[in-house]
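Asker: Chain Y is already provided as a structure; the job is to place chain G on it using the hints.
The primary structure of each chain is shown beneath.
2 protein chains.
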Amino acid sequence: MSLTNALPVDAAKAAKCASRTLATLPTSARNDALTAIHVALSQSKDEILAANARDLTAAKKAAEDGTLSLSLVSRLDLGKKGKWEDMLKGILDVRELEDPVGKVTLRTKLDEGLDLERVSCPIGVLLIIFEARPEVIANIASLAIKSGNAAILKGLGTTRLPKYGGKESTESFVAISKVISAALESTVVPNTAIQLVTTRDVIPQLLALDQYIDLVIPRGSNELVRYIKSSTRIPVLGHADGLCSIYLEHTADPEMAVRVIVDSKTSYPAACNSVETLLVEEASLETLLPPVAEALLAKGVSLRCDASSKKALTVKLSPHSSVILQDADESDFDTEHLSLTLAVKTVSTVTEAISHINIHGSHHTDAILTSSSPLAEHFMSSVDSAGVVWNTSTRMADGMRFGFGTEVGISTNKIHARGPVGLEGLMIYKYKIRGGGQITAEYGEGSGQKSFKHERLPF
Amino acid sequence: MSLTNALPVDAAKAAKCASRTLATLPTSARNDALTAIHVALSQSKDEILAANARDLTAAKKAAEDGTLSLSLVSRLDLGKKGKWEDMLKGILDVRELEDPVGKVTLRTKLDEGLDLERVSCPIGVLLIIFEARPEVIANIASLAIKSGNAAILKGLGTTRLPKYGGKESTESFVAISKVISAALESTVVPNTAIQLVTTRDVIPQLLALDQYIDLVIPRGSNELVRYIKSSTRIPVLGHADGLCSIYLEHTADPEMAVRVIVDSKTSYPAACNSVETLLVEEASLETLLPPVAEALLAKGVSLRCDASSKKALTVKLSPHSSVILQDADESDFDTEHLSLTLAVKTVSTVTEAISHINIHGSHHTDAILTSSSPLAEHFMSSVDSAGVVWNTSTRMADGMRFGFGTEVGISTNKIHARGPVGLEGLMIYKYKIRGGGQITAEYGEGSGQKSFKHERLPF
Numbered sequence: 014m015s016l017t018n019a020l021p022v023d024a025a026k027a028a029k030c031a032s033r034t035l036a037t038l039p040t041s042a043r044n045d046a047l048t049a050i051h052v053a054l055s056q057s058k059d060e061i062l063a064a065n066a067r068d069l070t071a072a073k074k075a076a077e078d079g080t081l082s083l084s085l086v087s088r089l090d091l092g093k094k095g096k097w098e099d100m101l102k103g104i105l106d107v108r109e110l111e112d113p114v115g116k117v118t119l120r121t122k123l124d125e126g127l128d129l130e131r132v133s134c135p136i137g138v139l140l141i142i143f144e145a146r147p148e149v150i151a152n153i154a155s156l157a158i159k160s161g162n163a164a165i166l167k168g169l170g171t172t173r174l175p176k177y178g179g180k181e182s183t184e185s186f187v188a189i190s191k192v193i194s195a196a197l198e199s200t201v202v203p204n205t206a207i208q209l210v211t212t213r214d215v216i217p218q219l220l221a222l223d224q225y226i227d228l229v230i231p232r233g234s235n236e237l238v239r240y241i242k243s244s245t246r247i248p249v250l251g252h253a254d255g256l257c258s259i260y261l262e263h264t265a266d267p268e269m270a271v272r273v274i275v276d277s278k279t280s281y282p283a284a285c286n287s288v289e290t291l292l293v294e295e296a297s298l299e300t301l302l303p304p305v306a307e308a309l310l311a312k313g314v315s316l317r318c319d320a321s322s323k324k325a326l327t328v329k330l331s332p333h334s335s336v337i338l339q340d341a342d343e344s345d346f347d348t349e350h351l352s353l354t355l356a357v358k359t360v361s362t363v364t365e366a367i368s369h370i371n372i373h374g375s376h377h378t379d380a381i382l383t384s385s386s387p388l389a390e391h392f393m394s395s396v397d398s399a400g401v402v403w404n405t406s407t408r409m410a411d412g413m414r415f416g417f418g419t420e421v422g423i424s425t426n427k428i429h430a431r432g433p434v435g436l437e438g439l440m441i442y443k444y445k446i447r448g449g450g451q452i453t454a455e456y457g458e459g460s461g462q463k464s465f466k467h468e469r470l471p472f
Numbered sequence: 014m015s016l017t018n019a020l021p022v023d024a025a026k027a028a029k030c031a032s033r034t035l036a037t038l039p040t041s042a043r044n045d046a047l048t049a050i051h052v053a054l055s056q057s058k059d060e061i062l063a064a065n066a067r068d069l070t071a072a073k074k075a076a077e078d079g080t081l082s083l084s085l086v087s088r089l090d091l092g093k094k095g096k097w098e099d100m101l102k103g104i105l106d107v108r109e110l111e112d113p114v115g116k117v118t119l120r121t122k123l124d125e126g127l128d129l130e131r132v133s134c135p136i137g138v139l140l141i142i143f144e145a146r147p148e149v150i151a152n153i154a155s156l157a158i159k160s161g162n163a164a165i166l167k168g169l170g171t172t173r174l175p176k177y178g179g180k181e182s183t184e185s186f187v188a189i190s191k192v193i194s195a196a197l198e199s200t201v202v203p204n205t206a207i208q209l210v211t212t213r214d215v216i217p218q219l220l221a222l223d224q225y226i227d228l229v230i231p232r233g234s235n236e237l238v239r240y241i242k243s244s245t246r247i248p249v250l251g252h253a254d255g256l257c258s259i260y261l262e263h264t265a266d267p268e269m270a271v272r273v274i275v276d277s278k279t280s281y282p283a284a285c286n287s288v289e290t291l292l293v294e295e296a297s298l299e300t301l302l303p304p305v306a307e308a309l310l311a312k313g314v315s316l317r318c319d320a321s322s323k324k325a326l327t328v329k330l331s332p333h334s335s336v337i338l339q340d341a342d343e344s345d346f347d348t349e350h351l352s353l354t355l356a357v358k359t360v361s362t363v364t365e366a367i368s369h370i371n372i373h374g375s376h377h378t379d380a381i382l383t384s385s386s387p388l389a390e391h392f393m394s395s396v397d398s399a400g401v402v403w404n405t406s407t408r409m410a411d412g413m414r415f416g417f418g419t420e421v422g423i424s425t426n427k428i429h430a431r432g433p434v435g436l437e438g439l440m441i442y443k444y445k446i447r448g449g450g451q452i453t454a455e456y457g458e459g460s461g462q463k464s465f466k467h468e469r470l471p472f
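Just so you know, the protein sequences line up as chains Y and G, in that order.
Reminder that position 11 of the first sequence reads as 24 in this note's numbering, one-by-one numbering, no gaps.
Reminder that position 154 of the second sequence reads as 167 in this note's numbering, one-by-one numbering, no gaps.
Hints may contain errors.
The calculated BS3-like cross-link candidates involving lysine-lysine, where the alpha carbons are at most 27 Å apart (straight line), are [what the hints assert, rightly or not]:
hint: 1; chain 1: Y; residue 1: LYS191; chain 2: Y; residue 2: LYS96
hint: 2; chain 1: G; residue 1: LYS94; chain 2: G; residue 2: LYS116
hint: 3; chain 1: G; residue 1: LYS102; chain 2: Y; residue 2: LYS122
hint: 4; chain 1: G; residue 1: LYS102; chain 2: Y; residue 2: LYS463
hint: 5; chain 1: Y; residue 1: LYS116; chain 2: G; residue 2: LYS122
hint: 6; chain 1: Y; residue 1: LYS466; chain 2: G; residue 2: LYS102
hint: 7; chain 1: Y; residue 1: LYS93; chain 2: Y; residue 2: LYS191
hint: 8; chain 1: Y; residue 1: LYS58; chain 2: Y; residue 2: LYS73
hint: 9; chain 1: G; residue 1: LYS329; chain 2: G; residue 2: LYS312
hint: 10; chain 1: Y; residue 1: LYS191; chain 2: Y; residue 2: LYS94
hint: 11; chain 1: G; residue 1: LYS191; chain 2: Y; residue 2: LYS102
hint: 12; chain 1: Y; residue 1: LYS102; chain 2: G; residue 2: LYS463
hint: 13; chain 1: Y; residue 1: LYS463; chain 2: G; residue 2: LYS94
hint: 14; chain 1: G; residue 1: LYS122; chain 2: G; residue 2: LYS463
hint: 15; chain 1: Y; residue 1: LYS96; chain 2: G; residue 2: LYS94
hint: 16; chain 1: Y; residue 1: LYS312; chain 2: G; residue 2: LYS463
hint: 17; chain 1: G; residue 1: LYS96; chain 2: Y; residue 2: LYS466
hint: 18; chain 1: Y; residue 1: LYS96; chain 2: G; residue 2: LYS466
hint: 19; chain 1: Y; residue 1: LYS463; chain 2: G; residue 2: LYS191
hint: 20; chain 1: Y; residue 1: LYS312; chain 2: Y; residue 2: LYS324
hint: 21; chain 1: Y; residue 1: LYS116; chain 2: G; residue 2: LYS116
hint: 22; chain 1: G; residue 1: LYS94; chain 2: G; residue 2: LYS74
hint: 23; chain 1: G; residue 1: LYS312; chain 2: Y; residue 2: LYS102
hint: 24; chain 1: G; residue 1: LYS116; chain 2: G; residue 2: LYS102
hint: 25; chain 1: G; residue 1: LYS102; chain 2: Y; residue 2: LYS93
hint: 26; chain 1: Y; residue 1: LYS463; chain 2: G; residue 2: LYS312
hint: 27; chain 1: Y; residue 1: LYS242; chain 2: G; residue 2: LYS26
hint: 28; chain 1: G; residue 1: LYS26; chain 2: G; residue 2: LYS191
hint: 29; chain 1: G; residue 1: LYS463; chain 2: Y; residue 2: LYS94
hint: 30; chain 1: Y; residue 1: LYS122; chain 2: G; residue 2: LYS116
hint: 31; chain 1: G; residue 1: LYS466; chain 2: Y; residue 2: LYS116
hint: 32; chain 1: G; residue 1: LYS242; chain 2: Y; residue 2: LYS242
hint: 33; chain 1: G; residue 1: LYS93; chain 2: G; residue 2: LYS73
hint: 34; chain 1: G; residue 1: LYS93; chain 2: G; residue 2: LYS58
hint: 35; chain 1: G; residue 1: LYS116; chain 2: Y; residue 2: LYS466
hint: 36; chain 1: Y; residue 1: LYS463; chain 2: G; residue 2: LYS93
hint: 37; chain 1: Y; residue 1: LYS74; chain 2: Y; residue 2: LYS96
hint: 38; chain 1: Y; residue 1: LYS26; chain 2: G; residue 2: LYS242
hint: 39; chain 1: G; residue 1: LYS312; chain 2: G; residue 2: LYS323
Rather than coming from a laboratory, the hints here were simulated on the basis of the structure.
Chain Y with its partners taken away, still in its complex shape (with noise of 0.2 Å):
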């Protein structure tokens, strides 16, 4: 890992560069960086710490100025309890994961003795665009080098987009590079493979870059993303939104519909994979939605409701409950609030919850609470989102939780990787043939030309 202030067209080069070098190390290199760094940061901590709670006086000093948010604050924060040992545990598992690099997806002998074969192999070079938290450089450099691609990594420090007068690297992030950095010394992994740039203000430039950047990947808020999107032809993975909904129809299952819900909206509401609008069948208004609604004002959720929705429910709840009940406007259902706010909207049916998810929601996370099979799974194969879930919470859509090891970000995009991305997401293919002589102008379909066998391989 390099820490350059070298033009981003240079650094873009050299992680070219070192890409290819990357590209072709066996699984046991990248495997034994990984170690390296572990070990390194393991014995680094006391340095690394001391850097961090420097930038944290000055990031609460500037929090009291008003010139920074406290949330900004308590991202940047090493010290806290766990999140040393979590992003050192986290290296090992990354290591511990599967090898992406080298898997072969299709074999084909297309005639004797001249073989087709489709691996995978890693994208290039990623550019990771990163908010507040240290962390984040050792978990890049940990996929990055498992997955064989290089990494640019350019940190926003305490800066706040679109503004890009600020302090764009703290210590922390310095010191945490210099010791993978060191590390990386003693392996075969390239030093330019992981580089922090530091120059000031070259996001644009960076973005700029698509001859040698491969993919742009945002760690960060829907304003970086929605910033990065508009900003640049490199791909870039992630969401900018999170508009998740559920469809409650009139045969699910009472008591599972109020679980299923509170834990869809209040277990971390400022999470994207949040329920935002509650689509509720007119036939369950009077019946599921009471019992929903209680346990979601109990757990302090403000309810904007349409006026059947909030006609319902102020027949049924207690007066108590039912007077801060608030009326939804249009913009509810087009909002991601991140926050304990439910949009409430009446439908008559599984065709207009269908339309109202596929226009207003943000292809990220829908469910449907039911306990027809048949409409479950029309609700799936019509919704056009990268998660689709039946009888159980928005929240499961997480890498984590569906077993990938690790999770790069959730991609809302229609192409490559779609959902909860992992390793899988950071490589592509390439087609090798082994031949032995073969030329094209033999096979056709005149006399004495010869035919491909297209015969698949096992593999």
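Answerer: Structure of chain G alone, referenced to chain Y:
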């Protein structure tokens, strides 16, 4: 299929809407639509060829006036031997391919009664921008319907980019589209699933509709692809350049070297998978290169040689041959000649060859000719191209030759799909979770908390 002169945004919205219906149709419904198209086109041969003849008359006149190239006139001609039959056969070929929709590619038991499944589904809405070939309409309509994607087709007719003033739709485009449209009326495939946009000068507007259009597929010249790649945020599938190289190592079989290099260069010089640069190992200069050069010269190939290769050939070849050798300049190694011109460069090692290809190539298809298996494997791992081939022609890189049945194009992208792209490249996936009321709050490391099982299930 509909012909529309609607606003681009309305066409795109209609396509998005139709894509949702199309995505849920069973295999049989999509295949039946292809049968209906095939029957209808067969029955309308005379009127379509008559329309095409009128286009040809107008195009020939334009060619005489010097406003149109003769190659465009030739591409427009649907009456050329075998072209009509190939177009019709293509529809049935696509119909017979395995259904790419609904394939399960991962199945995990997250917990008892909580199953995760990853299943292939269509991407959504494709925008196909195509040059003069009218048969592309039937071809793309088949591929789109088979893969469950809606498609917006925009023909350039006899217009040449980047000037939009010309005639973008020809009578043949309209005639074919009308027949397909009428055929689809009798099927459950929505007519707006396939739309031919006849509105003039709307390509820039279409390319701006990234909220409705998920993928752009340009079918035409390098110039067309390059223009489109630089004009849209929508992902583009394809390649602008095909700068393929062959590395001739000194242990290569001499007779094989001649055959393979001649095939790679001369079997279709205008194809993207033809070789443009021959990298000759120093040790091959006086042994392998001269017979290769003789064979190429005999086929009319112009050799643009660096100093070392020219010197070696001047000594070894007959004066008659050596006098026609040309001097390469640096730009020859960055040029896709697309003609009977080959750049020849001397390299001292495989490392130098790999480095040259990674820097100067277009990451399309590159070959090594050698008797050494370890060297070949090293080359194939290290060259960062969609196709890496050993002891066979670069021209093997082709969807038909790979056994994919059909080909949307050859991609040099680093994400999603690389190399020859068949129906699989038009698919993405979604995650489906089928639960029984499980919530995320039940799982964790605290006492009484459950753990995920993450058991791989067969599929």
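Asker: Are the hints correct? Go through all of them and say.
Answerer: Checked hints:
no.: 1; hint: Y:LYS191 / Y:LYS96; in the structure: 19 Å, holds
no.: 2; hint: G:LYS94 / G:LYS116; in the structure: 38 Å, violated
no.: 3; hint: G:LYS102 / Y:LYS122; in the structure: 25 Å, holds
no.: 4; hint: G:LYS102 / Y:LYS463; in the structure: 21 Å, holds
no.: 5; hint: Y:LYS116 / G:LYS122; in the structure: 23 Å, holds
no.: 6; hint: Y:LYS466 / G:LYS102; in the structure: 20 Å, holds
no.: 7; hint: Y:LYS93 / Y:LYS191; in the structure: 22 Å, holds
no.: 8; hint: Y:LYS58 / Y:LYS73; in the structure: 22 Å, holds
no.: 9; hint: G:LYS329 / G:LYS312; in the structure: 18 Å, holds
no.: 10; hint: Y:LYS191 / Y:LYS94; in the structure: 24 Å, holds
no.: 11; hint: G:LYS191 / Y:LYS102; in the structure: 62 Å, violated
no.: 12; hint: Y:LYS102 / G:LYS463; in the structure: 21 Å, holds
no.: 13; hint: Y:LYS463 / G:LYS94; in the structure: 23 Å, holds
no.: 14; hint: G:LYS122 / G:LYS463; in the structure: 14 Å, holds
no.: 15; hint: Y:LYS96 / G:LYS94; in the structure: 71 Å, violated
no.: 16; hint: Y:LYS312 / G:LYS463; in the structure: 23 Å, holds
no.: 17; hint: G:LYS96 / Y:LYS466; in the structure: 25 Å, holds
no.: 18; hint: Y:LYS96 / G:LYS466; in the structure: 25 Å, holds
no.: 19; hint: Y:LYS463 / G:LYS191; in the structure: 40 Å, violated
no.: 20; hint: Y:LYS312 / Y:LYS324; in the structure: 21 Å, holds
no.: 21; hint: Y:LYS116 / G:LYS116; in the structure: 20 Å, holds
no.: 22; hint: G:LYS94 / G:LYS74; in the structure: 22 Å, holds
no.: 23; hint: G:LYS312 / Y:LYS102; in the structure: 63 Å, violated
no.: 24; hint: G:LYS116 / G:LYS102; in the structure: 26 Å, holds
no.: 25; hint: G:LYS102 / Y:LYS93; in the structure: 66 Å, violated
no.: 26; hint: Y:LYS463 / G:LYS312; in the structure: 23 Å, holds
no.: 27; hint: Y:LYS242 / G:LYS26; in the structure: 22 Å, holds
no.: 28; hint: G:LYS26 / G:LYS191; in the structure: 21 Å, holds
no.: 29; hint: G:LYS463 / Y:LYS94; in the structure: 23 Å, holds
no.: 30; hint: Y:LYS122 / G:LYS116; in the structure: 23 Å, holds
no.: 31; hint: G:LYS466 / Y:LYS116; in the structure: 25 Å, holds
no.: 32; hint: G:LYS242 / Y:LYS242; in the structure: 16 Å, holds
no.: 33; hint: G:LYS93 / G:LYS73; in the structure: 15 Å, holds
no.: 34; hint: G:LYS93 / G:LYS58; in the structure: 13 Å, holds
no.: 35; hint: G:LYS116 / Y:LYS466; in the structure: 25 Å, holds
no.: 36; hint: Y:LYS463 / G:LYS93; in the structure: 25 Å, holds
no.: 37; hint: Y:LYS74 / Y:LYS96; in the structure: 22 Å, holds
no.: 38; hint: Y:LYS26 / G:LYS242; in the structure: 22 Å, holds
no.: 39; hint: G:LYS312 / G:LYS323; in the structure: 18 Å, holds
Comparing the model with each numbered hint stated earlier shows that hints 2, 11, 15, 19, 23, 25 do not hold.
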